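There are 2 protein chains.
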Amino acid sequence: MSLDGRIAGPGDDLSFLETVAGDGEDRDFDDFIAGIDALVVGSGTLRWLHGQGHDLPHRGLPIWLVSHDEALAARAAAADPDGTPVTRVEGELAEILDGIAAAGHARAWIGGGGDIAGQALAADRVDEVILTIAPTVLGAGPAVFDHPALEPRRFALAECREYGKGSVRLRWMRDRAQQATSFGR
Amino acid sequence: MSLDGRIAGPGDDLSFLETVAGDGEDRDFDDFIAGIDALVVGSGTLRWLHGQGHDLPHRGLPIWLVSHDEALAARAAAADPDGTPVTRVEGELAEILDGIAAAGHARAWIGGGGDIAGQALAADRVDEVILTIAPTVLGAGPAVFDHPALEPRRFALAECREYGKGSVRLRWMRDRAQQATSFGR
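Residue numbers (this note's numbering), protein chains in the order written: chain A, 21 to 205; chain B, 21 to 205.
Hints were generated in silico from the structure; no laboratory data involved. Incorrect hints may have been included.
What the hints assert, rightly or not - Derived pair list, reagent style SDA-like, types lysine to any residue, alpha-carbon separation capped at 25 Å: (1) A:185 <-> B:58; (2) B:185 <-> A:178; (3) A:185 <-> B:49; (4) B:185 <-> A:119; (5) B:185 <-> A:189; (6) B:185 <-> A:150.
Here the structure is a predicted model, which is why all the values come from computation and not from measurement.
Looking at chain A on its own, in the form it has when it is part of the complex (with noise of 0.2 Å):
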């Protein structure tokens, strides 16, 4: 996200991310994915990857689809048959996470946008959130979380160094026994 919590400014712009210089963080994004399972992403981030000419946010692992939208899913799934499935999903997102739970994949990565990722949040089902903050600040776009009724959720931090050369890596683990009604609800 930009220094003021952005994950894109204004019209979906992604520019910003070219200022995390990532020096020596190279194998950081598949230490990552070596340890995911599945990838959960709605229907607005994978339009905006097809606009930027991308048929998937990554290869070779399931792919879980929210959305009604059943063209743009079967854009998706055929994109790489040799490898790469999807599941178009719609409804509660704790039922489709109980769904890829049941599917065998223990750790699903909430690829986005920000409203699937509050929705994670709202079911309490987000374990740990993983943070790059771009020495930029944009001023205005969607946040990287985003729902108008969550309840306040408390998490621990696990990491807190800078990343690459400029840029904030931060990890936070959910805190279930920090009660948001502990302050003041």
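Since chain A is already given, all that's left is putting chain B on it; use the hints.
For chain B alone, coordinates are given in the frame of chain A:
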């Protein structure tokens, strides 16, 4: 701000600030204030403080109130006649900041809200951003910088550490050598 970049929850709820446990950071705010000459604050932030029973954001520090509301300014000016001058201003924030400098104040604290901070950044008059990140996700609420047409602004990371117990302190300095136009614009 919250983990997801909000400076308040829905309804300007600031109770998430209680999740910042400042163990051993007792002098942090005093040290900050000692280096500040003036405070710039918007009407929304001051009205919020009044609603919480606070007449001024901080006593003894000259306040520039960016507001059309003369009654609001009069109430603030009457709060501490001995030591806290209140100057009501309106118009372009760049000119307001020029006026503060002309009054002999070298370091002004942009105390909020996000719209005032966004205007200061649009005028490229923000030299330093000090962020404390609470271990809490809110999902909705205003952002730390809010401006509809801000050219992305680059910063250099000056501080990155755990703050108190389980929060994060980031400090960024404006990096004017890194033009926004250097990344895809």
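Right, here's what the structure says about each hint:
1. The suggested pairing of residue 185 (chain A) with residue 58 (chain B) is violated, with an alpha-carbon distance near 33 Å, which exceeds 25 Å.
2. Note on residue 185 (chain B) and residue 178 (chain A): the hinted pairing holds, with a Cα-Cα distance of about 12 Å set against a maximum of 25 Å.
3. Pair hint residue 185 (chain A) plus residue 49 (chain B) does not hold up; C-alpha atoms about 28 Å apart against a cutoff of 25 Å.
4. With a CA separation close to 37 Å, the supplied pair residue 185 (chain B) and residue 119 (chain A) exceeds the 25 Å bound.
5. Of the pairs offered as hints, the one joining residue 185 (chain B) and residue 189 (chain A) holds, with about 18 Å between alpha carbons and a cut-off of 25 Å not exceeded.
6. With a C-alpha separation of about 19 Å, the suggested pair residue 185 (chain B) and residue 150 (chain A) falls inside the 25 Å cut-off, and the hint holds.
Of the numbered hints given earlier, the model fails hints 1, 3, 4; all others are met.
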